[in-house]
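Participant: So the protein lines, in turn, are chains S and R.
Under my numbering, the first residue of the first sequence is numbered 214, with each subsequent residue one higher.
Under my numbering, the first residue of the second sequence is numbered 380, with each subsequent residue one higher.
Each hint should be verified, as a subset may be incorrect.
No more than 16 Å apart at the CA atoms, straight line, and that leaves these computed lysine to aspartate or glutamate pairs for EDC-like [as the list claims (entries may be wrong)]:
(1) R:K468 to R:D542
(2) S:K559 to S:E511
(3) R:K895 to R:D613
(4) R:K645 to S:E638
(5) R:K645 to S:D562
(6) S:K412 to S:E255
To give a feel for the contact side, a few chain S residues facing chain R, derived at Cβ under 10 Å [to be verified]:
(7) V301
(8) I401
(9) I631
(10) A632
Output of the computed footprint for chain S on chain R, the stretches with three or more beta carbons under 8 Å from beta carbons of chain S [as the list claims (entries may be wrong)]:
(11) 532 to 543
(12) 574 to 581
(13) 637 to 648
To be clear, the hints were calculated from the coordinates, so they are not data collected in a lab.
In this text, all values refer to a predicted model and were calculated from it rather than measured experimentally.
We put the beta carbon where it would ideally sit given N, CA and C, even for glycine.
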Amino acid sequence: MDQIARTEASTLVSIQNCRQSYPKDASSDVIILDDVQLSLREGEIVGLLGRSGSGKSTLLRIVSGLLKPTAGDVRWRGQPITGPVKGVSMVFQSFALFPWLTVEENVALGLEAQGVPRGERTTRAEEAIDLIGLGGYENAYPKEMSGGMRQRVGLARALVVHPDLLLMDEPFSALDVLTAETLRTDLIDLWSEKRLPVKSILMVTHNIEEAVLMCDRILVFSSNPGRVASELTVPFAHPRERLDPDFRQMVDDIYALMTRRPVEHHKPLGVDKGAPAAPPPVQPLPVVGTNLMAGLMETIEGEPYNGLADLPALANAFQMEADELLPIGEALQMLGFAEFDEGDIKLTDAGKRFVEADTDDRKAEFAAALRAHVPIITQIRQVLDERWNHRAPALRFRDELEDHMSPDYADATMRTVIAWGRYAELFSYDREADQFSLDDDQDDED
Amino acid sequence: MTVLALPAFVSGRRLPNLWDAAAILCVLALLILVAHAAHGTLAPLPKGDTITLDPRWLPYYALRTTLRMFVALIFSTIFTLIFAPLAAKSRRLGMIMIPALDILQSVPILGFLSFTVLFFLNLFPGRVIGAELAAIFAIFTSQAWNMTFSFYQSLTTVPRDLDEATRSFRLSTWQRFWRLEVPFAMPGLVFNTMLSMSGGWFFVVASEAVTVGNTTFLLPGIGSYVSVALRASDLHAVFYAILAMLAVILIYDQLLFRPLVAWSSKFRFEMTSGGDAPDPWVLSALRRTRLLQILGEWIGDTATAIGGLRLRLPLAVQPRQGAAPSRLVDGIWFAFIAILVAFSLWRIATFVAASITLGQFGHVVLLGFCTLLRVAAALVIVTAVWVPIGVWIGLRPRWARVIQPIAQFLAAFPANLLFPIVVIVLVRYALNPNIWLMPLMIVGTQWYVLFNVVAGASAFPGDLKEASANLGVKGLLWWRKVIIPGILPYYITGALTASGAAWNSAIVAEVASWGKTTLTAVGLGSYIADATTDGNTAGIVLGVCVMTGFVLVINRLLWRPLHAYAVRRTTF
Numbered sequence: 214m215d216q217i218a219r220t221e222a223s224t225l226v227s228i229q230n231c232r233q234s235y236p237k238d239a240s241s242d243v244i245i246l247d248d249v250q251l252s253l254r255e256g257e258i259v260g261l262l263g264r265s266g267s268g269k270s271t272l273l274r275i276v277s278g279l280l281k282p283t284a285g286d287v288r289w290r291g292q293p294i295t296g297p298v299k300g301v302s303m304v305f306q307s308f309a310l311f312p313w314l315t316v317e318e319n320v321a322l323g324l325e326a327q328g329v330p331r332g333e334r335t336t337r338a339e340e341a342i343d344l345i346g347l348g349g350y351e352n353a354y355p356k357e358m359s360g361g362m363r364q365r366v367g368l369a370r371a372l373v374v375h376p377d378l379l380l381m382d383e384p385f386s387a388l389d390v391l392t393a394e395t396l397r398t399d400l401i402d403l404w405s406e407k408r409l410p411v412k413s414i415l416m417v418t419h420n421i422e423e424a425v426l427m428c429d430r431i432l433v434f435s436s437n438p439g440r441v442a443s444e445l446t447v448p449f450a451h452p453r454e455r456l457d458p459d460f461r462q463m464v465d466d467i468y469a470l471m472t473r474r475p476v477e478h479h480k481p482l483g484v485d486k487g488a489p490a491a492p493p494p495v496q497p498l499p500v501v502g503t504n505l506m507a508g509l510m511e512t513i514e515g516e517p518y519n520g521l522a523d524l525p526a527l528a529n530a531f532q533m534e535a536d537e538l539l540p541i542g543e544a545l546q547m548l549g550f551a552e553f554d555e556g557d558i559k560l561t562d563a564g565k566r567f568v569e570a571d572t573d574d575r576k577a578e579f580a581a582a583l584r585a586h587v588p589i590i591t592q593i594r595q596v597l598d599e600r601w602n603h604r605a606p607a608l609r610f611r612d613e614l615e616d617h618m619s620p621d622y623a624d625a626t627m628r629t630v631i632a633w634g635r636y637a638e639l640f641s642y643d644r645e646a647d648q649f650s651l652d653d654d655q656d657d658e659d
Numbered sequence: 380m381t382v383l384a385l386p387a388f389v390s391g392r393r394l395p396n397l398w399d400a401a402a403i404l405c406v407l408a409l410l411i412l413v414a415h416a417a418h419g420t421l422a423p424l425p426k427g428d429t430i431t432l433d434p435r436w437l438p439y440y441a442l443r444t445t446l447r448m449f450v451a452l453i454f455s456t457i458f459t460l461i462f463a464p465l466a467a468k469s470r471r472l473g474m475i476m477i478p479a480l481d482i483l484q485s486v487p488i489l490g491f492l493s494f495t496v497l498f499f500l501n502l503f504p505g506r507v508i509g510a511e512l513a514a515i516f517a518i519f520t521s522q523a524w525n526m527t528f529s530f531y532q533s534l535t536t537v538p539r540d541l542d543e544a545t546r547s548f549r550l551s552t553w554q555r556f557w558r559l560e561v562p563f564a565m566p567g568l569v570f571n572t573m574l575s576m577s578g579g580w581f582f583v584v585a586s587e588a589v590t591v592g593n594t595t596f597l598l599p600g601i602g603s604y605v606s607v608a609l610r611a612s613d614l615h616a617v618f619y620a621i622l623a624m625l626a627v628i629l630i631y632d633q634l635l636f637r638p639l640v641a642w643s644s645k646f647r648f649e650m651t652s653g654g655d656a657p658d659p660w661v662l663s664a665l666r667r668t669r670l671l672q673i674l675g676e677w678i679g680d681t682a683t684a685i686g687g688l689r690l691r692l693p694l695a696v697q698p699r700q701g702a703a704p705s706r707l708v709d710g711i712w713f714a715f716i717a718i719l720v721a722f723s724l725w726r727i728a729t730f731v732a733a734s735i736t737l738g739q740f741g742h743v744v745l746l747g748f749c750t751l752l753r754v755a756a757a758l759v760i761v762t763a764v765w766v767p768i769g770v771w772i773g774l775r776p777r778w779a780r781v782i783q784p785i786a787q788f789l790a791a792f793p794a795n796l797l798f799p800i801v802v803i804v805l806v807r808y809a810l811n812p813n814i815w816l817m818p819l820m821i822v823g824t825q826w827y828v829l830f831n832v833v834a835g836a837s838a839f840p841g842d843l844k845e846a847s848a849n850l851g852v853k854g855l856l857w858w859r860k861v862i863i864p865g866i867l868p869y870y871i872t873g874a875l876t877a878s879g880a881a882w883n884s885a886i887v888a889e890v891a892s893w894g895k896t897t898l899t900a901v902g903l904g905s906y907i908a909d910a911t912t913d914g915n916t917a918g919i920v921l922g923v924c925v926m927t928g929f930v931l932v933i934n935r936l937l938w939r940p941l942h943a944y945a946v947r948r949t950t951f
C-alpha cells in the first residue's frame with residue numbers, strides 16, 4: 214500500500230496535550246476536551262468520530278485556528294498556530310454560504326481575501342466549480358439550489374484556495390441519505406484519482422459507516438470530557454464496499470467501542486489512562502423523548518429481535534445514524550430499561566415490564582425508574598413535597614446544573630427533566646413562571 | 380412582506396440597569412447643555428425668504444423639503460455605518476453607547492427644535508444654511524437612532540457559521556464589513572429606515588417654520604407653506620399643500636422605497652426561496668433599460684471592488700476566547716465614565732436648583748398623565764376601529780393585496796398637514812379641545828395598527844382556520860380563542876409603533892391654530908409647545924425630560940414585556 218510509504222511524509226498538524234475548558238467560575242471549569250494528542254500527515258484522510266458533546270468539532274476549530282485552546286501545543290507545519298491558518302480551509306455542516314452572493318462569488322471569496330487579481334479569481338473559481346460538478350450554476354444564488362448542491366458550493370469554495378488541509382465539519386449530516394452518499398463517493402473518487410488540490414483531509418463525523426467508508430484513520434472520542442478513546446486504522450483500499458464482511462465487522466467493533474460504559478461509572482477502572490476526576494453528582498441528560506424510548510423498547514422486544522438487537526442492524530432498519538440511536542439506548546441504559554453489550558442492546562426485566570404494561574402502569578414504571586436513577590428529578594420532587602405550597606422555582610435547579618456543565622447542556626438537561634417528569638406525572642411545570650409544582654392528584658401520591 | 384421585522388426599540392434589553400442610569404444622566408445633561416448654549420442667542424432672527432401662497436411655487440417648495448430629507452438620510456446612513464460598528468466591536472464603547480442610543484430613541488426632539496435651530500443659526504450667523512442645517516438635523520434625529528440600533532442588532536447576531544467562514548478564509552476587517560455584516564443587516568436597516576421616514580416627514584414639516592419668542596423663521600418648503608396658510612386662514616392653500624405632499628410621498632415611495640425593499644430582500648438570511656413579491660415597476664424598468672443597467676452594473680462593480688479591498692482596520696474582530704481585557708484600560712475607561720456621570724449630575728443639579736421647583740415638577744408630571752390618558756384613549760379607539768376591519772381584510776387575500784400598500788403609504792404621510800382640517804371643524808362646531816384634539820395624535824400612526832393587523836390575519840395559518848370552522852367555533856369564542864391570539868404579536872408591533880409616534884406628535888397635536896384662533900388641550904405636549912413659544916428654556920427642558928421618562932417607562936415596562944409575551948405564547 215502506498216499509504217504506508219507516505220506516512221513518513223511531513224507532518225501537517227501536531228497537537229500535544231490539548232485541553233479546552235470553559236470557565237464556569239473561579240473554582241470550577243467545564244472541560245470540553247481533555248488531554249488530546251493528534252498528528253496529521255500528508256496524504257491521509259483522518260476522521261474524528263464521536264457523539265455530540267465529545268468536543269470533536271471544537272478540536273476541528275482549534276486546528277483551523279478559529280479557536281485558541283485553553284492549554285496545549287498546537288502546531289501547523291511545526292509553527293505554533295495563533296489565528297486562522299493559510300493553507301487550511303473548512304467545509305461547514307450548515308454550508309455557511311452567503312445567501313447574497315452567487316455561486317461564483319461565494320467560491321471566489323477566499324481568493325478575494327488573499328488579494329488574487331480579478332481575472333485569475335474568475336478562472337480559478339470556474340476550475341473549482343467544474344471540478345466539483347457545479348458547471349452551469351455559476352450565476353445561481355444558494356437559495357435556488359438543493360442541499361446537496363449547496364454543499365458542493367461549500368466544497369468548491371474550500372478547494373479553490375488549494376489548501377494543504379481540508380477540514381470538514383460533519384459535511385454530509387444535513388443532507389438526505391442518497392444525496393450524502395453521492396457526495397461522499399464523488400469526493401472519494403476525486404481523492405483517489407488525486408484530483409483534489411489538497412494534501413490531507415480531517416473530517417468530523419458521528420456517522421460510523423461514513424467514517425469507515427472514507428477515512429484512513431479514525432479517532433474515536435469519548436464524551437464528557439472529550440478524549441480520544443481509541444485510534445483505528447482502516448486497512449481497506451478505495452473504493453470500499455459497505456457489504457463486505459470485514460467492513461461490517463469494523464462497523465460492529467466501533468459500535469461496541471462507542472457503547473462501552475463510561476469509565477466514571479460503577480466499576481473502579483483505575484487502569485484507564487489518566488485518572489478521571491470524581492464522578493459529577495449531576496449528569497447531563499440526553500434530549501430523548503419518552504415516545505422514542507417506548508418505541509425502541511417495543512421494537513427490541515418484538516420480532517425479529519425478541520429482546521436482543523444488534524445495533525448496526527437496528528440503525529439500518531430505522532435509517533438512523535449512530536448519533537441518533539445511541540442517545541436513546543443510553544437513556545434506556547441510564548434508567549435501567551436496557552443494557553448495551555458489545556454492539557448489541559438488550560432489554561432488562563424492567564424494560565420488559567414497561568413494554569407489557571398499559572399507559573398508566575407504564576407511567577408508574579417510568580416514575581420508579583426516574584426516582585431510582587435520576588438524582589435531580591428525585592431532588593425536585595423532594596423539594597416540592599417539602600414545600601407547603603408545593604411550588605419551587607426552576608431557577609435553582611438550573612443553577613445547580615450549570616455548576617456542572619455548559620449552559621447548552623444544562624438547558625438540554627432541563628428540558629429532558631421537564632419532559633420526563635411530566636410524562637411520569639411526578640410534577641408539573643409552568644413555563645411562564647418557570648416553576649415546578651405538584652397538581653392536586655400528584656399531591657397525595659405516596 | 381417585511382412586517383414581522385420590528386422597530387428597533389422593541390428588541391433591546393428589557394430591564395433598566397446601571398448603564399441605563401449612566402446613559403440617562405448623560406443624555407439629560409446633554410439636553411440641558413444644548414438648551415443653555417442656544418439660550419444665549421435668543422436675539423431677533425434674520426427674516427428668511429418670504430413664502431407665497433401661490434400654488435405654482437409648491438413644486439419648488441416640495442423639492443426643497445424632499446432635498447432636506449435626502450441629505451438627512453445620507454447623514455443618518457453615514458452615522459449608522461460608523462457608530463454601530465464602534466458600539467458593536469468595542470466592548471468599552473458599547474457599554475455606554477448602546478444605552479445612550481436606546482434613550483435617545485425616546486427623546487421627543489421635536490420639543491428641542493427651537494434650540495437646535497438657534498444653535499445652527501449661531502454657527503452660520505445671518506445665513507440660510509444655518510436654518511437648513513437645523514431642519515436637516517431634526518430629520519436626522521428622527522432617523523439615525525433607529526437605524527443605528529437596527530444595524531447594531533444585526534452586527535451582534537451575525538450567524539456563527541458565516542462568521543467562522545469569513546475568519547477561516549481570512550477576510551480583512553474591511554472585506555468582512557462589506558461582504559458579511561452590511562449585507563446581513565440590510566433588510567432590517569431598510570425596514571427601519573422606512574419606519575423612520577414617516578417620522579422624518581413629520582419633522583421636516585415641523586422644522587421649517589419655527590417660532591421662538593416673537594420671531595418666526597421660515598425656510599422655503601411645504602411646512603412653511605402650511606404654517607403661512609394657517610395664519611392667513613387660507614383653506615385652498617392647505618389643500619394644495621396636502622395634494623403636493625401626497626404626490627411627493629407617492630413618488631418617493633415608488634421610486635425609492637419599493638425598489639429598495641425589493642432589492643434588500645435579496646439579503647434576507649433565509650435559505651428558502653419563494654414567497655418573493657414581484658419586482659416593483661421601477662426595479663423592473665431599471666433591470667430592463669440597457670443604459671441604466673450598464674450604469675447600475677458599473678456602480679455595483681465599483682462598490683464590489685471597494686468592498687473587496689484588503690484594508691485592515693484597527694477594529695479587529697473580537698476573538699471568541701482568549702486574551703482577557705486589560706484591567707488598566709478598563710480602569711481608565713470606567714474612571715472617565717464616572718467623571719462624565721458626575722459632571723452630568725452636577726449640570727442637572729445646578730439646573731434643577733436654579734430653575735425648577737418641586738411643585739413645577741409635580742405639575743409637569745401630572746400633565747404627562749393627561750397626555751398619557753389621551754394616548755391610551757386614542758389607542759383604544761384605533762384598536763376598536765381597525766382590528767375588526769383589519770381582520771376582515773386580512774382574511775380576504777384579494778382585499779389585503781390592495782389595502783396593504785395603501786395603508787403603508789398613508790403611514791408615511793406627515794399627519795401634521797392634516798391638522799388644519801380638524802382644527803377648522805373644531806372651531807366651527809366649538810368642540811372641547813381637551814377631547815377633540817386627541818384624534819390628531821393618532822391620525823398619522825393608526826395605519827401602523829391597520830397594516831400590522833392585516834398582515835397578521837393574512838398570515839394566519841389555513842389549517843387553523845379550517846380546524847376552527849370544523850369545530851364550529853364562532854362569534855365571540857372565535858375572536859377570543861382563535862383570531863386575537865393569532866394576530867397578537869402583529870397587533871402589538873403595530874400598537875407600540877403607533878403609541879411611540881403619538882407621544883412625539885403630542886407636542887404639535889395638543890396646540891392647534893387657525894388664523895387668530897388657537898386651541899389648546901391640557902397636557903405635556905401643549906406645555907412644551909407653550910414653553911417653546913415663550914422661550915422658556917427651563918420649561919422646555921423639564922417638559923422634554925418628563926416626556927422622555929414617560930416614553931422610556933412605557934416602552935420598558937409595557938411594550939417590550941408584552942411583545943415578548945405575545946411572541947412566546949402564540950408561536951411554536
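Participant: Are there hints from earlier that the structure breaks, and if so, what are their numbers?
Facilitator: Hints 4, 5, 8, 9, 10, 12 are the ones this structure does not satisfy, whereas the remaining hints hold.
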